[in-house]
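Trainee: Chain by chain, the residues:
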Amino acid sequence: MQHWLDPFIAIGLNLLVIGVVLQLVPLLVWLERKGSAYIQDRPGPERAALGPLRLAGLLHVVADAIKLFFKEDVIPDRANRFYYLAAPVIVVAIAFLTITIIPFFDTINFSKVGLEGWAVVKGQVLNVDPGILWFFAIVSLTVYGIIFAGWASNNKYSLLGAMRASAAVLSYEIPLGLSVIGALMIYGTVSLPDIARWQGEHVWGIFVQPLAAIIFIVCAFAETNRVPFDLAESESELVAGYHTEYSSMKFGMFFLAEYAAMVVSSALFVTLFLGGWQVPFLNTEAIVANITPVSFWTFAAVGTLFLVLTAVALVNFVEGAGRWKDLRDLEGLIIAGLLLGGAVTFLAGAVVVAILPLPVWFAPIFAAVLQFHVFIAKVLFLCWVFVWVRWTLPRFRYDQVMNLGWRSLLPLALVNVLITGIVITVLN
Amino acid sequence: MSHNAPIDIVRLAQSQVNISPDLVPDGLDSPTQVVDRNVNQLGESVYLLEIAKGLGVTMGHVVKNLLGLKPARTVGYPEVKRAIPEGYRGKHRLTTRADGSTKCVACLMCATACPAECIHITPAESEDPDIERFPARFDIDLLECVFCGMCVEACPVDAIRMDSGVYSLTAFDRESFVVTKEELMQVQPDPHPEGQVY
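Top to bottom, those sequences are chains L and P. Position 388 of the first sequence, counting from 1, maps to 387 under numbering that gives the first Met the number 0, and the rest follow consecutively. Position 67 of the second sequence, counting from 1, maps to 66 under numbering that gives the first Met the number 0, and the rest follow consecutively.
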């Protein structure tokens with residue numbers, strides 16, 4: 000059933016999803032730099048400023064992006080220009096394609112609260128029948144981008160890096176797919192929104208399929224070519240792997256794609272095993288049914304969090320007084336003011352929802368917004384796990400990676416499928 | 000026989016049958032010691048437990064740094080500078096007499112001692128009857144200099160010193176690194192904070 004708002008909703012969702020990924024990428028770069036700094040007892044980036052605002056080093060990422068745009072764009076003389084230029088485009092395009100099937104919130108269905116004739120908003124850009132299978136089909140195309148980059152660069156390091164990357168991605172795709180099969184047997188569907196809904200009605204996937212979750216996340220590390228499986232660009236051996244010859248924004252695109260792939264992997268893991276957009280202990284029906292207490296406590300909790308952050312900012316302002324001897328010294332005060340404004344807004348909102356009668360359309364929209372934020376929070380936590388593991392573990396050797404993939408993870412994934420099948424058959 | 004005495008490994012290996020008791024380090028029964036590596040074979044080959052331990056270590060660092068419980072191991076250079084040790088060889092400077100002229104007598108001892116051959120002196124005759132020679136030019140190529148301090152050792156009149164503490168030598172072109180007599184006479188010692196030397 001078509002609604003006249005549908006095209007606009009589709010465009011809005013597209014912008015939202017692309018916007019979320021594009022916003023998360025710089026955030027992750029910052030998380031990586033700041034996280035590694037704190038792990039290694041350094042302060043990390045903190046200097047770049049826009050007037051008084053430093054934002055704890057977040058502006059370094061902006062400076063990096065600007066630098067990348069203005070760098071000289073070198074194409075090697077002997078490179079195969081077509082494939083050389085196509086490679087980063089393929090990698091980035093696929094990273095952004097795969098995010099489209101991730102559901103960010105439950106379908107907003109106004110007819111459930113008695114509003115007939117309103118548009119239905121789906122929390123997913125592309126709702127295809129194959130669901131997660133479509134995801135696997137698309138994500139394996141990344142290998143083409145990497146091989147093109149390695150081959151077209153006409154550089155031995157690039158080629159070696161590309162070969163290693165494709166070997167790792169191909170080997171780990173099998174246990175990755177098999178680990179998901181065990182979970183899909185329990186969910187009984189390949190559609191990602193339905194998987195998230197199942198977890199809201201029963202229990203999060205990580206509790207029924209812990210082994211699959213572990214295999215999945217290990218394979219996700221290998222798929223995204225992250226430490227400890229980053230042998231594709233092991234800088235101590237291969238300079239920078241398949242993007243050795245890339246400079247300027249073409250390198251930036253590989254960089255963007257790496258972090259976008261991290262976001263997508265995290266989002267898929269969250270959807271499959273951590274309940275997707277489910278708020279813990281509250282599925283959509285429960286939120287809509289208890290909208291007044293849920294919205295009150297949400298607003299109150301966020302308001303309190305902002306108050307605590309205000310205090311932290313003020314403490315930082317007092318402690319760091321006179322450190323920079325310019326506008327940057329005022330940052331703590333400005334941030335504290337902004338946070339205090341946020342705290343007041345949210346606490347006022349809590350009072351408003353507690354006192355005033357809420358309109359009927361408020362509950363479904365509030366549920367969707369809350370679920371969206373919970374989903375992003377889960378994804379960010381998982382991205383932090385990626386960063387955390389990277390700065391904890393050393394790199395695996397090439398043969399160790401292959402051994403782990405083919406001789407440990409593949410049999411484990413098969414055993415997991417077998418046991419899941421037996422359990423399902425016995426319990427039914 | 001003490002622990003520190005070197006043991007001739009080759010001779011030990013050749014004479015496995017009869018090992019003289021005085022070759023055995025104190026407190027050991029035999030010269031070869033079987034070390035218990037305490038390897039938890041299964042636990043380590045599964046990786047997951049060990050990875051969890053490692054993640055715990057790194058998270059501990061993050062939490063301590065976030066809460067500001069750890070003293071900073073870094074300083075905010077260039078606003079904050081670390082103390083440098085006494086005797087640190089920084090950028091050269093030429094000392095002066097009370098009247099402001101250079102103490103250097105252009106004897107070329109420093110240029111002779113210099114292993115990098117980075118000191119170029121053009122001597123000239125002085126108008127002052129008390130002074131025989133003085134350097135018309137005294138150039139040091141700081142890009143050639145290896146900061147060994149031999150010139151300071153060689154100088155008979157304490158005219159050249161490397162105690163300025165200036166270690167941040169930067170410029171936009173190579174020519175700027177060739178410093179002249181006038182510049183060397185005006186090098187200001189860089190005040191570094193007193194305190195712990197790292």
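Derived by calculation from the structure, the hints in this document are not laboratory data. Hints may contain errors.
What the hints assert, rightly or not - Each pair of labels, with its calculated beta carbon distance range: (1) L:Asp40 x P:Val45: 28 to 38 Å; (2) P:Glu124 x L:Lys66: 54 to 64 Å; (3) P:Leu141 x L:Ser139: 49 to 59 Å; (4) P:His60 x L:Ser247: 28 to 38 Å; (5) L:Glu71 x P:Leu168: 20 to 30 Å; (6) P:Val45 x L:Leu54: 37 to 47 Å; (7) L:Asn153 x P:Thr111: 48 to 58 Å; (8) P:Ala170 x L:Asp76: 26 to 36 Å; (9) L:Ser247 x P:Asp162: 42 to 52 Å; (10) L:Arg41 x P:Glu143: 47 to 57 Å.
To be verified - Sample of chain L residues with no beta-carbon within 12 Å of chain P, all distances over it, derived: (11) Gly34; (12) Gln39; (13) Glu45; (14) Glu71; (15) Leu84; (16) Asn108; (17) Gly176; (18) Asn315; (19) Glu318; (20) Asp398; (21) Ser407.
Using N, Cα and C, we set each Cβ at its ideal position, and we do this for glycine too.
Trainee: Find the nearest Cβ of chain P to the Cβ of Asn315 (chain L) and say whether that gap is larger than 12 Å.
Mentor: Violated, because the least Cβ-Cβ distance between Asn315 (chain L) and chain P comes to about 9 Å, which does not exceed 12 Å.
Trainee: Is the Cβ of Glu45 (chain L) farther than 12 Å from every Cβ of chain P?
Mentor: Incorrect as stated: the minimum Cβ-Cβ distance to chain P is 9 Å, not above 12 Å.
Trainee: Once the closest CB in chain P is found, is it more than 12 Å from Asp398 (chain L)?
Mentor: Holds: least Cβ distance 15 Å, greater than 12 Å.
Trainee: State, for the Cβ atoms of Glu124 (chain P) and Lys66 (chain L), whether the hinted interval 54 to 64 Å holds or is violated.
Mentor: holds (56 Å)
Trainee: Find the nearest Cβ of chain P to the Cβ of Asn108 (chain L) and say whether that gap is larger than 12 Å.
Mentor: Asn108 (chain L) clear of chain P: closest Cβ-Cβ about 41 Å, beyond 12 Å.
Trainee: So the hint says 47 to 57 Å: do the beta-carbon atoms of Arg41 (chain L) and Glu143 (chain P) match that?
Mentor: violated (34 Å)
Trainee: Is the claim that Leu84 (chain L) lies outside the interface with chain P correct, judged by CB distances over 12 Å?
Mentor: At roughly 35 Å from the nearest Cβ of chain P, Leu84 (chain L) sits farther out than 12 Å, so the non-interface label holds.
Trainee: Return holds or violated for the Cβ distance of Glu71 (chain L) and Leu168 (chain P) against the range 20 to 30 Å.
Mentor: 28 Å Cβ-Cβ, so the 20 to 30 Å window holds.
Trainee: Closest CB-CB distance from Glu71 (chain L) to chain P, is it above 12 Å?
Mentor: holds (19 Å)
Trainee: Check the following: the C-beta atoms of Ser247 (chain L) and Asp162 (chain P) are separated by a distance inside 42 to 52 Å.
Mentor: holds (46 Å)
Trainee: Do the Cβ positions of Asn153 (chain L) and Thr111 (chain P) conform to the proposed distance bound of 48 to 58 Å?
Mentor: Distance hint for Asn153 (chain L), Thr111 (chain P) holds at roughly 52 Å.
Trainee: For the pair Val45 (chain P) and Leu54 (chain L), does the Cβ-Cβ distance stay inside 37 to 47 Å?
Mentor: holds (41 Å)
Violated hints, listed in ascending order, are 10, 11, 12, 13, 18, 19 and 21; each of the other numbered hints is respected by the structure.
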